[in-house]
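*Asks:* Chain residues, written in single-letter form:
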Amino acid sequence: MSTEIAPAPQGTVAEEQRPRIAVSALTTNLREYGLIIALIVIMLFFQFTTSGTLFKPVNLSNLVQQNSFIIVMALGMLLVIVSGYIDLSVGSVAGFIGALAANMMVIWQLGPLSNPLVVSIVCLIVGGLIGAAQGYWIAYHRIPSFIVTLAGMLIFRGICQALLGGGSSVGPLPDDFKALSSGFIPDVIGPLTLIPPTVNAAGKTIIGSGLTLHMTTIVLGLIAVLAYAYFGVRTRRKRERHGYEAEPFPLFVIKTLVASALALFLVYEFASYRGLPVVLLVMGVLISLFVFVTKRMTIGRRIYAMGGNPKAAQLSGINTERLTLMVFINMGVLSALGGLIIAARLGQAVPAAGLGSELDVIAAVFIGGASAMGGVGQVIGAVVGGFIMGVMNNGMSIMGVNVDWQQVVKGLVLLGAVIFDVYNKNKA
Amino acid sequence: MTSTILEMRDITKTFPGVKALSNVNLSVEEGEIHAVVGENGAGKSTLMKVLSGVYPSGTYDGQIIFQDQECHFKGIHDSEHKGIVIIHQELALVPMLSIAENIFLGNENAKFGVIDWNANEARTGALLKKVGLKEDPKTLITNIGVGKQQLVEIAKALSKEVKLLILDEPTASLSEKDSQALLDLLLEFKRQGMTSILISHKLNEVNRVADKVTVIRDGRTIETLVKKDISEDRIITSMVGRSLDDRYPPREPDIGEVVFEVKNWSVYHPIHAERQVIKGIDLNVRKGEVVGIAGLMGAGRTEFAMSLFGRSYGRHITGEVLFKGKQVDVSSVSKAVEHGIAYVTEDRKTYGLNLIDHIKHNITLANLGGVSRHSVIDDLRELSVANDYRKKTNIRASSVYQMTGNLSGGNQQKVVLSKWLFADPEVLILDEPTRGIDVGAKYEIYTIIARLAAEGKAIVVISSEMPELLGITDRIYVMNEGRMVGEMPAADASQEKIMRAIVRGEGKAA
Chain P
1 MSTEIAPAPQ GTVAEEQRPR IAVSALTTNL REYGLIIALI VIMLFFQFTT SGTLFKPVNL
61 SNLVQQNSFI IVMALGMLLV IVSGYIDLSV GSVAGFIGAL AANMMVIWQL GPLSNPLVVS
121 IVCLIVGGLI GAAQGYWIAY HRIPSFIVTL AGMLIFRGIC QALLGGGSSV GPLPDDFKAL
181 SSGFIPDVIG PLTLIPPTVN AAGKTIIGSG LTLHMTTIVL GLIAVLAYAY FGVRTRRKRE
241 RHGYEAEPFP LFVIKTLVAS ALALFLVYEF ASYRGLPVVL LVMGVLISLF VFVTKRMTIG
301 RRIYAMGGNP KAAQLSGINT ERLTLMVFIN MGVLSALGGL IIAARLGQAV PAAGLGSELD
361 VIAAVFIGGA SAMGGVGQVI GAVVGGFIMG VMNNGMSIMG VNVDWQQVVK GLVLLGAVIF
421 DVYNKNKA
Chain V
1 MTSTILEMRD ITKTFPGVKA LSNVNLSVEE GEIHAVVGEN GAGKSTLMKV LSGVYPSGTY
61 DGQIIFQDQE CHFKGIHDSE HKGIVIIHQE LALVPMLSIA ENIFLGNENA KFGVIDWNAN
121 EARTGALLKK VGLKEDPKTL ITNIGVGKQQ LVEIAKALSK EVKLLILDEP TASLSEKDSQ
181 ALLDLLLEFK RQGMTSILIS HKLNEVNRVA DKVTVIRDGR TIETLVKKDI SEDRIITSMV
241 GRSLDDRYPP REPDIGEVVF EVKNWSVYHP IHAERQVIKG IDLNVRKGEV VGIAGLMGAG
301 RTEFAMSLFG RSYGRHITGE VLFKGKQVDV SSVSKAVEHG IAYVTEDRKT YGLNLIDHIK
361 HNITLANLGG VSRHSVIDDL RELSVANDYR KKTNIRASSV YQMTGNLSGG NQQKVVLSKW
421 LFADPEVLIL DEPTRGIDVG AKYEIYTIIA RLAAEGKAIV VISSEMPELL GITDRIYVMN
481 EGRMVGEMPA ADASQEKIMR AIVRGEGKAA
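In the order they appear, the protein sequences are chains P and V.
Residue numbering for the first sequence follows the working numbering, starting at 1 and increasing by one per position.
Residue numbering for the second sequence follows the working numbering, starting at 1 and increasing by one per position.
Because the hints were derived from the structure by calculation, they are not lab data.
There is no bait here: all hints are sound.
Looking from chain P toward chain V, a few residues come up when the C-beta cut is under 10 angstroms (computed): (1) G300; (2) A305; (3) M373; (4) G374.
Here are the computed distance ranges between Cβ atoms for each label pair: (5) V:M96 x P:P57: 55 to 63 angstroms; (6) V:G145 x P:Y423: 37 to 45 angstroms; (7) P:L192 x V:G405: 52 to 60 angstroms; (8) V:P270 x P:G166: 43 to 51 angstroms; (9) P:L154 x V:P270: 30 to 38 angstroms; (10) P:T235 x V:E465: 46 to 54 angstroms.
The structure displayed is predicted, hence computed values, not measured ones.
Where is the CB? At the ideal position from N, CA and C, for every residue including glycine.
Isolated chain V (complex conformation):
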């Protein structure tokens, strides 16, 4: 027999000038996995902040009823005390402390401020077992991968006697394998009777584990679907408020001669000098062609792209880069840009944007020469360029003077794209161009890619989402452990074929 563990009634939260949530209702039953989905900016995170007390009681309207009690959380401590634990998208672990130290941070087994390390480590061991992580509790966080860090976060949540676990985009930065493991863990918790709320962009995951899905759009609850009604198409329709006949824009490739060619590219790790990260890669892209690079997390795709782009990664880089048949020097970013190469990073916040400056300054940064004469910037020309690209890429902002730090992920991505479009490259390398952005914005990014290809640019797309690669590229390279292990026309490719190439490649490497 199931009973309702959490009920949020008519939650309304207003920020100055914006109604972030209006009369949102969410009802979660004990022991289920309840997914909350919606486009970026729909209000999912705000809702969770209301629930966990980040926005204290009184700053919003509506009721929260948890285990038949109306709750007025004044802060995150209150909600954790009740057993509501939230794991944020950005992990909150201290890199230079050990797993045990992190798990019990602020909650140490201590007497009079003296920590009982044995008890801490013993309890950590037990928790790690629960989440299936085989690591020594003394290992430093910085020495384990993101996937394992996520498990540590979950172990930390478990240490707090959790009754309701909230996961905000838990798999956003995980590889396919780690994501699957995490989802399995969620299902295991469910079998043990734990209730969880899963916030995710990845509808296939939601589809796989969720018992119920609540869709939020523009700060309102649209509907709650139960298991038998859940399907990706159904969710998407509800999320965007219209039906998506096609998730990828149609395009008729017009492919010309080879524009960009990489031969025998090898790179060594910047710190561990003996470790070869990229092992003799060959690649070519034609005019008007969209080429994809598939692979698992850690295959070396980003490292490959960044080492190509002005040696921004790695050491002892060898190999040739040919542009229209002629060898070119790409030893610095400015030289690479000069030769018409642009790289749009996968991590826009760290590598792509100056978050404390506005859209206009970000767009022109890679091509200041294009808006200046004798090193003096022409303010008006810059403004018109920025407005132009804002329109072209459909950046939603009050003006080009809005700080990029205040934009949603999709709009930030469009600013980064605009920056590189304004640099007018012939070859555009896009690294995970749609990571962490919502369905509508994804489509817009795909449209931009299609348009660029139609204009005759050569485009390389690195992506971990196989359907995306299959949907937008003409040809797919498969990369694994620093090698190219496969190449196939997109028309012949399938997720199975790509996975098979990866697995075969793994066999070869071993």
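Chain P on its own, in the form it takes in the complex:
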């Protein structure tokens, strides 16, 4: 009869589901694992070619301090690209914000308004306003983001240079402000000396000898790793309790152990130097926040939906105009933060600050697996992509590779990563 018409050949699906989930867990995460493995391979390669310099604690600190602004901006750029847009202005906005901050602190003498903290907050707000100004045209007037932000790139680089009075630089910036980039978190627990430093004949300690650990860093690192493992196990338990298959247990254990070991290794490295760089902490907090927002929050989901199919998103009740505006405001704030980090690291504002960095930022996001068509991309991917760029910069510089050739190599890596992606997608 008519009720039998709907065919339901589903009896076999449940039994087939188990191995399939294992396979799909592997294949869907392959991109992410592959990327992290690529980063590790690249790091080992440079560790070898720089005869061990790369992993020296002091160099790791440098590496983080040199590249943090790229990664901070890549977080914003990821959302922009996932939404289906592009932002070419981030380098110029960063430069402009650096110039603004330097002027507020050094030249303009604004009294309490020249306080580094106040200046930073004002600068972040200005960054947000810049993002809003650009996002407004993109969201509500449907001007292509490429064009709006290309204009922004010219405009803010120009203002940056004008603020700095032509070609000069403004500085030096206050030490409190520089701590954002070059500072380390204070050791509230107190150092632990494992091997006392060697004392030379003059009674002074030889720098770099002995082994003293920055205990606050160690404790923070341990807490972070334990929390990571705890939440991993908890989510797993919860899934299983509800009768859903989680990823295979051995895979989970290996993943957690490898990630924890890597993290602890890095923590140890930092602790044996001067502790956790402030900027790494800032970056870490931001990365966690963005992972959470993209993976767990409704706004993150809406951004992916908008990038995947804007019309369908709109017809599902998503206010795509406002969402676009918010994505660009976020990008503006992060560009401003990037600008502050650059200025703090250099100790002054220079006209070329952030010049060309938009390309590094965009490259990081694409190396991280985002799609230029929108709708696809992961925060972790962008972060790892940023580190791949950073490690290559750092490693090649130590090796003494000419800057010109460094660009060639970076370009090839970007192209290779995207070709790899497209190839994989077509195969699947």
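Chain P is already provided as a structure; the job is to place chain V on it using the hints.
*Replies:* Just chain V now, with coordinates in the frame of chain P:
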């Protein structure tokens, strides 16, 4: 005397993990119209891709014999060279180029790369005459309707000295009138001796023009029917592998008070501000009632529904929307959803789904609040919701983590439906809910509609298939040129009555 022009023998094509075709046989005689029918995913398109060389020789097993020669096509160029031309369901025209430019794209009358426009346009003119299209060859594709675009595609095929014309769902997006014209054209070609293969879902069309029908099911040839045996019921039985006693699920309407009411709704065209698209429409739907909107393509039905749904179409929208007697604000999609209105689009790929995301994320998109707390999504709740709806609407997929882009049309439609069911609307507007999906899935969609009505939802179904409206609705509105030109209980309605209302309405408008 007829002779076999094409013979496909024991075609087997495997994709990783799936056998798409197994030992399919197809034999087409010269000068006939041969229909290939089957449910979505049965393997029709794969078969045509094998034939046209999209899947090159060597990637499949079996033989293709065309005009007594065994062929090994390496690509679409090889098959076109032999005179086999395929017109795909999705038209492959460049919108901002002219008709002439499109027809000779890649095949221009040119010397040393310099195009002879006069020759191009003259030949285009001749071709357009052949297909009965009265348009200037210089007209841009974007400025002509879908029906005419289809004719341009056919003209393009004719420009290539075609011996075997393959049409893949040619009338899927055409109005009744354009479809008829197209079918007449096919018959005309047949009189001139051309052979064609027609792939179609619309069995009445197949019934009308085909000399033979080959039915494919689950990648196998089931049978080939000759003219005298062809009937819709016969084809359906063969397609689904069981007899369809009833194409529409039985239902006992339990109709309550008016839930949803639209008064004097008017909408202007979004670009041509002076053109009124919707002209003062009144409509009401009762609790538990299924109301249909009939009309020809271009009557303004979709525009009406989309303008109601958060002003997603048009400008200068005026009129009132009442929900349970109280006027409500539907000026944005989220407000409309909040007031319990949902609109399931006719174009699921463009407006309904995020094709690069999986089923789970698509189902919850219109009601993320339902699976989250303080804007944080509860992953497990979302998963159980998705699994629940997957079961309720019988979505056939390996899991809810399958990309919606990889699903068949029927299953995609069920995902879109699930999305809106999860938003828990009181009023559900379904725009062409069964377009381009196969018979089995259609029945499932009808069952879902019947169940929703039984649960007390008010349902509006927009459809160009009159038998469908007659089969599943309680009351039918007839729309033409932006006006409601008729309203009748489904029990009294017939295709003739609906057509008469449309024609009368046309007279009124003029």
